[in-house]
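Based on the provided sequences and hints, a complete structural model is requested.
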Amino acid sequence: MALFEVFLRSKRSLDHKHVGSLHANDHQQALHYARDCYIRRSEGISIWIVKSEDIVASQEDDSPSFYDPMDDKPYRHPSFYKLPKEISNM
Amino acid sequence: MQDAKRQEHSFWEKIESNKKVEPKDWMPDAYRKSVIRALLNHINSEVIGMLPEKNWVTRAPSLRRKAALLAKIQDEAGHGLYLYSSAETLGISRPEMIESLQSGQSQYLFVFNYPTLTWADVGAIGWLVDGGAIGQQVPLQRTSYGPYARAMTRICKEESFHQRLGYDIMITLAKGSNEQKQMAQDALNRWWWPTLMMFGLPDTRTAHNDPLMKWKIKPETNDNIRQRFIDQTVPQIDYLGLEYPDPEIKWNEGRQHYDFGKIDWDEFYSVYNGSGHCNRDRIQQHKSAHQEGNWVREAMRKYREKHE
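For the record, the sequence lines run as chains A and B. Under the working numbering, residues 1 to 90 are what the first sequence spells out, in order. Under the working numbering, residues 1001 to 1308 are what the second sequence spells out, in order.
No wet-lab data here; the hints were simulated from the structure. Values in this document were obtained by computation on a predicted structure and should not be read as measured data. Just so it is clear, CB atoms sit at the ideal spot from N, CA and C, and this is done for glycine as well. Please note that a few of the clues may not be correct.
[Said to hold, decoys possible] Listed below are the simulated DSS-like cross-link pairs for lysine-lysine, each with C-alpha atoms no more than 25 Å apart in a straight line: (1) LYS51/A - LYS1302/B; (2) LYS51/A - LYS1306/B; (3) LYS51/A - LYS1024/B; (4) LYS1020/B - LYS17/A; (5) LYS17/A - LYS1024/B; (6) LYS1157/B - LYS17/A; (7) LYS1214/B - LYS1020/B; (8) LYS1019/B - LYS17/A; (9) LYS1020/B - LYS51/A.
[Said to hold, decoys possible] Selected chain B positions facing chain A (Cβ under 8 Å, derived; list incomplete): (10) LYS1024; (11) GLY1078; (12) LEU1081; (13) TYR1082; (14) SER1085; (15) MET1300; (16) TYR1303; (17) ARG1304.
What follows is the structure, given as structure tokens:
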């Protein structure tokens, strides 16, 4: 049996969130199990099933050079820009 | 050598700054073993905890109560599953964990070794044991191991229904006929002390420099959680109009807490070590269920072989 990760999108949200994992023989079975285990209280209206081995992830501890480029570009943030007092609706 | 030191430093930095340790992080072997042990105890408790309740499914007093009790039991199976998944990230397999429970190598909450003698016991367990478990599990949402902490967040949400169902049953009985009220009182009397013992040994008796606290696997002390539980529950006993199961329960104005009587830790040890009414029975039921379910595993094996 393979390990699958389960993602749910709730009625009120726009994106899927990771809620847990389970073992199943194939994607369809995993979908059924996810329905049984993860939406007992209608927590989601859409389920995504992904094989755990298909997930490629970065780690917080990865080489700093992977993340560094983000740290020195404050001009990408709206808060970097000081608005004149007279402008109140931007 | 430099690398090993850096990894260790990174690990302790996470612990100290209340960050989560994740499955792919380096961790001391002793930490890994401790988390597995804590998880196993919890998993076994969820799994075995279903047994005292299944005892009353066929004899629930109404269809609504039957459906609610079934839902509670299903939740507990689900909790076991989330936690099995969390444990598997640490390198232990499902068959190993099942063997560990059945061989007695790992334990479960001793409180499930007591029998459920009446329908009121179902109410008392939900109200007190699940209620007590909430007290332990809310702090566990801050446990240092990531997968465990995330599983706890989900479990806590569901546990709340368990406690309310239990209390709802107690209200129905306590406000019912004299016979029902007596049944409720009797169940309270029998489950009170085992519930208090569930929070674990007093802080003075637990190992000095408890590693579980050092590694922030366990974020709060036993005595704190136990006292908080008592403070919350005594007014709930008052509302039911039942008598205190402990004559020494009394509000202490100076401490701003309820005082309570001495816990009989000898009983705890004897039940813990196997002399409870149901110790052998629980494991035997688990073994039977596992054997009886073998045809499902066989069918899945055959299906897999056919499609490989």
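Hints and how they fare:
Using a Cα cut-off of 25 Å, the hinted pair LYS51/A and LYS1302/B holds, with the two alpha carbons roughly 21 Å apart. Taken as a hint, the LYS51/A and LYS1306/B pair is honoured in the structure, with Cα atoms around 21 Å apart against an allowance of 25 Å. Distance hint between LYS51/A and LYS1024/B is fulfilled; the C-alpha atoms sit about 17 Å from each other, no more than 25 Å. With a C-alpha separation of about 19 Å, the suggested pair LYS1020/B and LYS17/A falls inside the 25 Å cut-off, and the hint holds.
For the given pair, LYS17/A sits about 20 Å from LYS1024/B by alpha-carbon distance, which is consistent with the 25 Å threshold. Taken as a hint, the LYS1157/B and LYS17/A pair is honoured in the structure, with Cα atoms around 17 Å apart against an allowance of 25 Å. For the given pair, LYS1214/B sits about 14 Å from LYS1020/B by alpha-carbon distance, which is consistent with the 25 Å threshold. Annotation: proposed proximity of LYS1019/B to LYS17/A holds, straight-line Cα distance about 20 Å (limit 25 Å).
Taking the CA atoms of LYS1020/B and LYS51/A, the gap is about 24 Å. The hint holds against a cut of 25 Å. The restraint placing LYS1024/B at the interface with chain A holds, with a minimum CB-CB distance near 6 Å, inside the 8 Å limit. Interface restraint check for GLY1078/B: the shortest CB-CB distance to chain A comes to about 5 Å, inside 8 Å, so the restraint holds. Given the 8 Å rule on beta carbons, the hint for LEU1081/B holds: about 6 Å separates it from the nearest Cβ of chain A.
The interface hint given for TYR1082/B holds, since its Cβ lies 6 Å from the closest Cβ of chain A, which is under the 8 Å cut-off. For SER1085/B, the interface hint holds, the least distance from its beta-carbon to any beta-carbon of chain A being 5 Å, beneath 8 Å. At about 6 Å, the closest approach between the beta carbon of MET1300/B and any beta carbon in chain A falls short of 8 Å, and the interface hint on this residue holds. Annotation: TYR1303/B was flagged as interfacial toward chain A, and the flag holds, the nearest CB pair being 6 Å apart, inside 8 Å.
The criterion of a C-beta within 8 Å of any C-beta in chain A is met by ARG1304/B, whose closest approach is roughly 6 Å, and the hint holds.
Hint violations for this structure: none, all hints satisfied.
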